[in-house]
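If you read the sequence shown in full-length UniProt numbering, its first letter stands for residue 1, the second for the next number, and so on.
Don't read these hints as lab results, they were simulated from the structure.
Some clues are possibly wrong.
Claimed, not checked - Only pairs whose alpha carbons sit at most 27 Å apart, straight line, appear in this in silico DSSO-like list of lysine-lysine: (1) Lys263 - Lys237; (2) Lys84 - Lys95; (3) Lys262 - Lys229; (4) Lys19 - Lys130; (5) Lys225 - Lys171; (6) Lys26 - Lys237; (7) Lys84 - Lys130.
Unchecked claim - Derived CB-CB ranges, DEER-like: (8) Leu219 - Glu253: 17 to 25 Å; (9) Ala187 - Ile267: 28 to 36 Å; (10) Ile267 - Arg27: 29 to 37 Å; (11) Arg56 - Leu155: 39 to 47 Å.
Every value quoted in this text rests on a predicted model; they were computed, and no experiment measured them.
Glycine is no exception: its CB is placed at the ideal position from the N, C-alpha and C atoms.
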Amino acid sequence: MTGMISPEMTMELTGEQLKVTETQLKRYLPRSQQVYGFLVLRNRVRSDSVRVLVDRWPEFNVIVCKPQYEQKGDHFKDTLVFAKDEAVLEETIRKSSVIDWTQYLCLGINLRHLEIFKAVASEKDVSSSKLAVCHMMILEDVSNLPSIDSSGISLSSLDESHVSLVNQMWKFGKNEGAARMIRNMIANFPSCCVLDAEGTPVSWILTYASCAMGILYTLPEHRGKSYAKVLVSTMAKRLHAQGYPVYCFIEEENDVSYMLFKKLGFIEDPSYREAWFGFNDSF
C-alpha cells in the first residue's frame, strides 16, 4: 500500500516498492549512489526507522530518505535526497511536508542542489551551516585492489563495547547523539578493526546507513603500520561479497585519505561532490 503523507505531492514507499526503487536507482549511478546504497542496506538489514518518500510512483523525480527523530539530539540521522528534476525538487521542499523546517535537519545532497535548499531555507528564515563537502570515491572492481600483506595482524569486527572508543576518536563525535549512531552502525552494518595483543581495537572502519565506508581511524601510536590499507581492502572485499556497493566519502581537505583510497583503486567523478549541511542548527 502507498500511504499519502502530504496533500501536495509526496508518497511513502514500502515493501516491494523499495526493492523496485533500488533497481531503478542503479540507472542513475553515480549521482544516485548514496540513496541507492541506503536502499541496498535498507532492503536487507533492519536498523533505525527511515521513511522513503517520492513525489510520484513508479516514475519518481525526487526521492527523500527521512529518518525518524525520536530523541532530542538525534542530529546524526541524515536526510538523504536524490533528484532527477530540480524544479520538482524545489517545489517538493517548498510546499510539501516532506521537509520539516521547524526542526534541526542534517541533509546529504548533491552539491549542485544546495542553492535550492538554501534559498527555500532563507524564505522560511531557517539558518544553515556547512558540515562537509566530500569527494565520492567508488571501487568499481575489487580486482583492482592491490595485494596487501595482513599477516600478523589480528582482524575482527567491532562490538557494543567499542562504541565509546570510536565515539571519542571521531571528529564529529564525543556526544550521545553520535554514540547512538555509532552503536546502530556497529550493531547492524559491517565493520572491521585491528586488535592489539590485549584485544583492544587500535584501528577501525565502519559502514554508514548509506552503505558508504567511513569513520576510518588509527590511534596515533599505531600509525605507519599499513592498518588503514588492510582495513579498507578487507572491508571492500567483504562488502562486495555481500552484494553491496563499495564506496566512501572523503572530505575535500582530507588529502591523506584521498590518496590512500586512490592508491587502492578507488576512482571519482571529478564533477560530482556530495554535501552535508545542517539547517535550523540552533540546538
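Holds or violated: lysine 84 and lysine 95, Cα atoms, limit 27 Å. Holds, because 18 Å separates the two Cα atoms, which is no more than 27 Å.
Does lysine 84 pair with lysine 130 here, judged by a C-alpha cut-off of 27 Å? It holds: about 23 Å lies between the C-alpha atoms, which stays within 27 Å.
Within 27 Å, alpha carbon to alpha carbon, are lysine 225 and lysine 171? Cα-Cα ~22 Å, so holds.
17 to 25 Å as the expected CB spacing between glutamate 253 and leucine 219, which holds or is violated: The hint (17 to 25 Å, Cβ to Cβ) holds, given that leucine 219 and glutamate 253 are roughly 22 Å apart.
Cβ-Cβ distance between alanine 187 and isoleucine 267: within 28 to 36 Å? The hint (28 to 36 Å, Cβ to Cβ) holds, given that alanine 187 and isoleucine 267 are roughly 31 Å apart.
Does the alpha-carbon distance linking lysine 263 and lysine 237 stay inside the 27 Å limit? At roughly 16 Å apart (the allowed maximum being 27 Å), lysine 237 and lysine 263 satisfy the hint.
Range hint compliance [Cβ, isoleucine 267 to arginine 27, 29 to 37 Å]: violated (20 Å)
Decide if the proposed pair is consistent with the structure: lysine 19 and lysine 130, CA atoms, cutoff 27 Å inclusive. Outside the cut-off at roughly 32 Å; violated.
Verify the proposed pairing of lysine 26 with lysine 237, using a straight-line Cα cut of 27 Å. Cα-Cα ~20 Å, so holds.
Has the given pair, lysine 262 with lysine 229, been kept, meaning a C-alpha gap of at most 27 Å? holds (11 Å)
So the hint says 39 to 47 Å: do the beta-carbon atoms of arginine 56 and leucine 155 match that? holds (46 Å)
Of the numbered hints listed earlier, those contradicted by the structure are 4 and 10.
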